[in-house]
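Given chain A's structure and the hints, the job is docking chains B and C onto it.
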Amino acid sequence: MNRITKHSQTLILILFALYALAPVYLVLLASMRSEADLFDGPLSLPWPINTSNYLRVWSESGFSTFFFNSLKISVAVTVLILLTAPLAGYAFAKMQFRGREPLFALFLAGLVVPAPSVIVALYGNLQFLGVIDTQIGVILPQAALLMPFSVFMMRTVMQEVPDELIEASTMDGASPFYGFLTVVVPLARPGLMSLTLIVFLFSWQEYLLPLVVLQTESLKTITVGAASLQGRYGVDYGGIAAAGLIAFAPLVVLFLAMQRSFVRGLSAGAVK
Amino acid sequence: MSTRHAYLFLLPALLLYAAFVVVPTLQVFAYSFFSWDNGIAQDFVGLANYARLGSDRVFWVALGHNAIWVVLTLAFPLLAGLLLAAILADRTPRTIQIVSAIYFIPRTIPLVVAGIIWGWIYNPLFGLLNYGLDIVGLGQLAGAWLAEENTALLSLNVVGAWTFFGFCVVIYLGAIQSIDPSLYEAAEVDGAPWWRKFRDITVPLLNNSTLFLGLYAAIEAMRFFDLIWVTTQGGPGYATEVLTTHVYKTFFLVGDFGYASVLSVILLAIVLSLSAIAFRLLRAK
Amino acid sequence: MKHINLSAPLALLIATQATGQETVVVTQWDQFAQSGISAAGPAMDELIATCQPALNGADVLRTIAPSIGIRDSYRLAVSAGKTPDLAYTWPAASVLSGYARVGALAPLDAYFEQYGWDHVNDFYRGRNSYGGSIYGLPMEQDLMGVYYNKDLFAENGLEVPTTYAEFEAMVETLKDEGIIPVAFGNRDRWPATNTFSLILGLTAGRDLEEHVLFGDEPWTNPAFVQAAQTFQDWAEAGYFPRGFNGVGYDEANALFLSGRAAMTITGTWVLQDMVRGAEFDLGVFMLPPIADDVAPGTMWGEGSQWQLSASATPAVRDAAAAYLNCLVSTESRQVWVQKGHTVPIGTTPEELAAWGADPVVQEFFSGGLATPEANFYDLHTTLPESMTQVLYPELQRLVGGDITADEFTATLQAAWETADANGERWIP
Numbered sequence: 001m002n003r004i005t006k007h008s009q010t011l012i013l014i015l016f017a018l019y020a021l022a023p024v025y026l027v028l029l030a031s032m033r034s035e036a037d038l039f040d041g042p043l044s045l046p047w048p049i050n051t052s053n054y055l056r057v058w059s060e061s062g063f064s065t066f067f068f069n070s071l072k073i074s075v076a077v078t079v080l081i082l083l084t085a086p087l088a089g090y091a092f093a094k095m096q097f098r099g100r101e102p103l104f105a106l107f108l109a110g111l112v113v114p115a116p117s118v119i120v121a122l123y124g125n126l127q128f129l130g131v132i133d134t135q136i137g138v139i140l141p142q143a144a145l146l147m148p149f150s151v152f153m154m155r156t157v158m159q160e161v162p163d164e165l166i167e168a169s170t171m172d173g174a175s176p177f178y179g180f181l182t183v184v185v186p187l188a189r190p191g192l193m194s195l196t197l198i199v200f201l202f203s204w205q206e207y208l209l210p211l212v213v214l215q216t217e218s219l220k221t222i223t224v225g226a227a228s229l230q231g232r233y234g235v236d237y238g239g240i241a242a243a244g245l246i247a248f249a250p251l252v253v254l255f256l257a258m259q260r261s262f263v264r265g266l267s268a269g270a271v272k
Numbered sequence: 001m002s003t004r005h006a007y008l009f010l011l012p013a014l015l016l017y018a019a020f021v022v023v024p025t026l027q028v029f030a031y032s033f034f035s036w037d038n039g040i041a042q043d044f045v046g047l048a049n050y051a052r053l054g055s056d057r058v059f060w061v062a063l064g065h066n067a068i069w070v071v072l073t074l075a076f077p078l079l080a081g082l083l084l085a086a087i088l089a090d091r092t093p094r095t096i097q098i099v100s101a102i103y104f105i106p107r108t109i110p111l112v113v114a115g116i117i118w119g120w121i122y123n124p125l126f127g128l129l130n131y132g133l134d135i136v137g138l139g140q141l142a143g144a145w146l147a148e149e150n151t152a153l154l155s156l157n158v159v160g161a162w163t164f165f166g167f168c169v170v171i172y173l174g175a176i177q178s179i180d181p182s183l184y185e186a187a188e189v190d191g192a193p194w195w196r197k198f199r200d201i202t203v204p205l206l207n208n209s210t211l212f213l214g215l216y217a218a219i220e221a222m223r224f225f226d227l228i229w230v231t232t233q234g235g236p237g238y239a240t241e242v243l244t245t246h247v248y249k250t251f252f253l254v255g256d257f258g259y260a261s262v263l264s265v266i267l268l269a270i271v272l273s274l275s276a277i278a279f280r281l282l283r284a285k
Numbered sequence: 001m002k003h004i005n006l007s008a009p010l011a012l013l014i015a016t017q018a019t020g021q022e023t024v025v026v027t028q029w030d031q032f033a034q035s036g037i038s039a040a041g042p043a044m045d046e047l048i049a050t051c052q053p054a055l056n057g058a059d060v061l062r063t064i065a066p067s068i069g070i071r072d073s074y075r076l077a078v079s080a081g082k083t084p085d086l087a088y089t090w091p092a093a094s095v096l097s098g099y100a101r102v103g104a105l106a107p108l109d110a111y112f113e114q115y116g117w118d119h120v121n122d123f124y125r126g127r128n129s130y131g132g133s134i135y136g137l138p139m140e141q142d143l144m145g146v147y148y149n150k151d152l153f154a155e156n157g158l159e160v161p162t163t164y165a166e167f168e169a170m171v172e173t174l175k176d177e178g179i180i181p182v183a184f185g186n187r188d189r190w191p192a193t194n195t196f197s198l199i200l201g202l203t204a205g206r207d208l209e210e211h212v213l214f215g216d217e218p219w220t221n222p223a224f225v226q227a228a229q230t231f232q233d234w235a236e237a238g239y240f241p242r243g244f245n246g247v248g249y250d251e252a253n254a255l256f257l258s259g260r261a262a263m264t265i266t267g268t269w270v271l272q273d274m275v276r277g278a279e280f281d282l283g284v285f286m287l288p289p290i291a292d293d294v295a296p297g298t299m300w301g302e303g304s305q306w307q308l309s310a311s312a313t314p315a316v317r318d319a320a321a322a323y324l325n326c327l328v329s330t331e332s333r334q335v336w337v338q339k340g341h342t343v344p345i346g347t348t349p350e351e352l353a354a355w356g357a358d359p360v361v362q363e364f365f366s367g368g369l370a371t372p373e374a375n376f377y378d379l380h381t382t383l384p385e386s387m388t389q390v391l392y393p394e395l396q397r398l399v400g401g402d403i404t405a406d407e408f409t410a411t412l413q414a415a416w417e418t419a420d421a422n423g424e425r426w427i428p
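Chains as they are written, first to last, in our numbering: chain A, 1 to 272; chain B, 1 to 285; chain C, 1 to 428.
There's no promise every hint is true.
Here are some chain B residues pointing at chain C (derived, C-beta under 7 angstroms) [what the hints assert, rightly or not]:
#1 Asp37
#2 Ile40
#3 Glu149
#4 Gly235
#5 Tyr238
#6 Phe252
Subject to a maximum C-alpha distance of 35 angstroms in a straight line, what follows is the list of computed DSBU-like cross-link-like pairs (lysine-lysine) [what the hints assert, rightly or not]:
#7 A/Lys6 / B/Lys197
#8 C/Lys175 / C/Lys150
#9 C/Lys82 / A/Lys72
#10 C/Lys339 / C/Lys82
#11 C/Lys339 / C/Lys150
Keep in mind that the hints were calculated from the coordinates and are not lab data.
All of these numbers come straight from a predicted model, not from anything done at the bench.
Where a beta carbon is used, it is the ideal one built from N, C-alpha and C, also for glycine.
Next up, chain A with everything else stripped away, as it sits in the complex (with noise of 0.2 angstroms):
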């Protein structure tokens, strides 16, 4: 490849990253400005930097209160997940039963059942049960809205592992369970540990159910009281921009630290 080829292919890998990094810094820059007027103009970098408004944001604004928000639920459900999924996942990689296609075709099509459009009825079930304002009254919706995609992947991981292994842990004669737990998992780990991170993420980024499941300020998720700040706090946008970085700054940091498990588990379906 010639020079130029090779300079122009650089500056295209340059302005996207400028394309995908930029409202990131500007965010950054926006968090540190202290009550400044913000009609001056967005690129005036103070100095020193300033960090006042996360702690007022954290403090004041009850930000700490939704962030353990939305770590409990998150946790929660990826839990959930975790205690699920791969049990179903494994059966139907692994098992034979009648039913079998059927009801895998069941959970595929759950992958692209938008929140959106089952809220209708979901609310007045979650009003049945109580649980509308609670906490669990999201956890349970959002793991199993996660279900499809966690379940679609286990089985991909599942299908991994050498049925040999398998047969000769039940050869012994331990129950399915006890095989599925000594021997499966411990193999399936780095499968399992994509799923809780993808699933962590996205349970972390859900907005919708906890916009209309929950009422009260003190239990509201770190996206919606992003959200809500907007207008509660009008144009504090020293402090809007240090709640958003409050918000998305544990995604990132985890992203970064686990990118391979993370990309693992997103190719899943796709190159298959």
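For chains B and C alone, coordinates are given in the frame of chain A:
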């Protein structure tokens, strides 16, 4: 292994899924056949609610926007992802890891937060875009972006693309890295330029990934809600109205359960059809 | 902490079971936030404590929800039959009558009689009635007016306009000076309904409004078209900031408070924000009538109303009514004014002066309450929901210049006819 064991393994996942996804879906379907008053079911009216679709201008506008969104997403982030992945594949592993991470970061940001950030960039009064245009002397191009019917949907799509192209890069990279290098040897010997190798060898070999990403984009284009709700809520006018926002407004703001159910059913029918097509096409390969 | 994590039915269960044990619990939903710029939460807390004795031993369990959210939440609660005993939200007119029609609300006539809530005048009573009974007790009062920057006016030799022609001339002068005449941001979609309500009332007058809202006069009548045209003309003539359909309500207020815009046309609900945020001399005037044959007046809204659930037991209802009576008493009104920064219905300008309300508050209410015979309707809280959701986008298109005034009123007429056919029209 016995069937009973299999069902036991399946049961927890199936219960959760059935209770909170399958059952509500069936309920929505049933609700659409009744008339409602203030959220309380009245009489069975058959297809009467569905008849409203014909005259509901907002529905058709919204559907059109969903379709436009699909096309835009296929045109820009998908192609960009393909090109970027091909370029990246030639670089060092370290570069690949860092750059693809950078591209993927927008995907980790909740769409709600992305909407807030980009809402600022687009803000007519103090946003970065207009500010930047002013600085480089292109001030007359400055506009109200999210506030004008002509530019609103497109401006939002730039945000959507921002979150999606990194995902495309990652998928394509994985696929490219599994291409047998010997396939390029003949072209190398001929002295073919980079873009010719890209067009004639790389792209065709990535058809599977393109199909997957294309269908994924199409389905996502029907489902997305957060981004629009936190920025324009379907406005200005109906310029950014899509099926999901129409459902939300009809259900939560107007309180019209019957018609909201109809819209939900239509939305479900579309995404299920798309995914059935996807399933068939991907299986055939 | 006054927030409840229990769901409404559980609390209701406690309430109904408790009546046998003399400990009645009243579940209350309201929107008085504890924090934020003009939070009335602390005032509500204080009044709950003050009015506790009136409850005769009953307890109040509060859930606080944001103002927009509570309206939607309440609607969903009605559909599930799980409304809280007491709620302070803003359905009024069409939406309230919908709730009454399906039997979700308890009639309050007996309590109005018993406690003599005469401070609620006929206009407000009408808006909270259905089929001859009253279902809501409005508490706050909202008016619209024009906040203006006295310093900017003085600098440019401008006087408060007494006629519409003077208003137009004044705007031209401001434009020539490069000052944004009216700060306005309609990204949130509802601000335009208020502005339009004001223009409509000053162009068509209350009588014509009533002929449309309660009679057979169509929305496409000439005066309404003229009002729509006026609103569009304002936008085209540069009254508003650039890209206003993408500017938020709070951003527009910030624009005004920073001194970059000379006026903003909005209501008393942001009075405290304005008073606290203005770095200049702040004033308020009433917009003069736009059409020749219309009397001066302003838009009159009643903020939110207290509603009692039909599913509340008689003991709970009586306790709640006694508590409400305390909340709207003169003493409580003083607390609302001084600590809650809201002006309840029945408060006179004299009382405001006596209680040391801010001069701007007094100026606003003196001006707004001077014309009770001519004050007109707030579309936002009068129209049925289905129509409001049409009004929002259509107004954005109207002021954005994407449709004509005739098309606008025609669309509204069509939506109105549909709502009417569905039985959603409110008749007082």
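Each hint tested on the structure:
no., hint, verdict
1, Asp37, "holds (6 angstroms)"
2, Ile40, "holds (6 angstroms)"
3, Glu149, "holds (6 angstroms)"
4, Gly235, "holds (5 angstroms)"
5, Tyr238, "holds (5 angstroms)"
6, Phe252, "holds (5 angstroms)"
7, A/Lys6 / B/Lys197, "holds (14 angstroms)"
8, C/Lys175 / C/Lys150, "holds (17 angstroms)"
9, C/Lys82 / A/Lys72, "holds (27 angstroms)"
10, C/Lys339 / C/Lys82, "holds (32 angstroms)"
11, C/Lys339 / C/Lys150, "holds (27 angstroms)"
Of the numbered hints stated above, none is contradicted by the structure.
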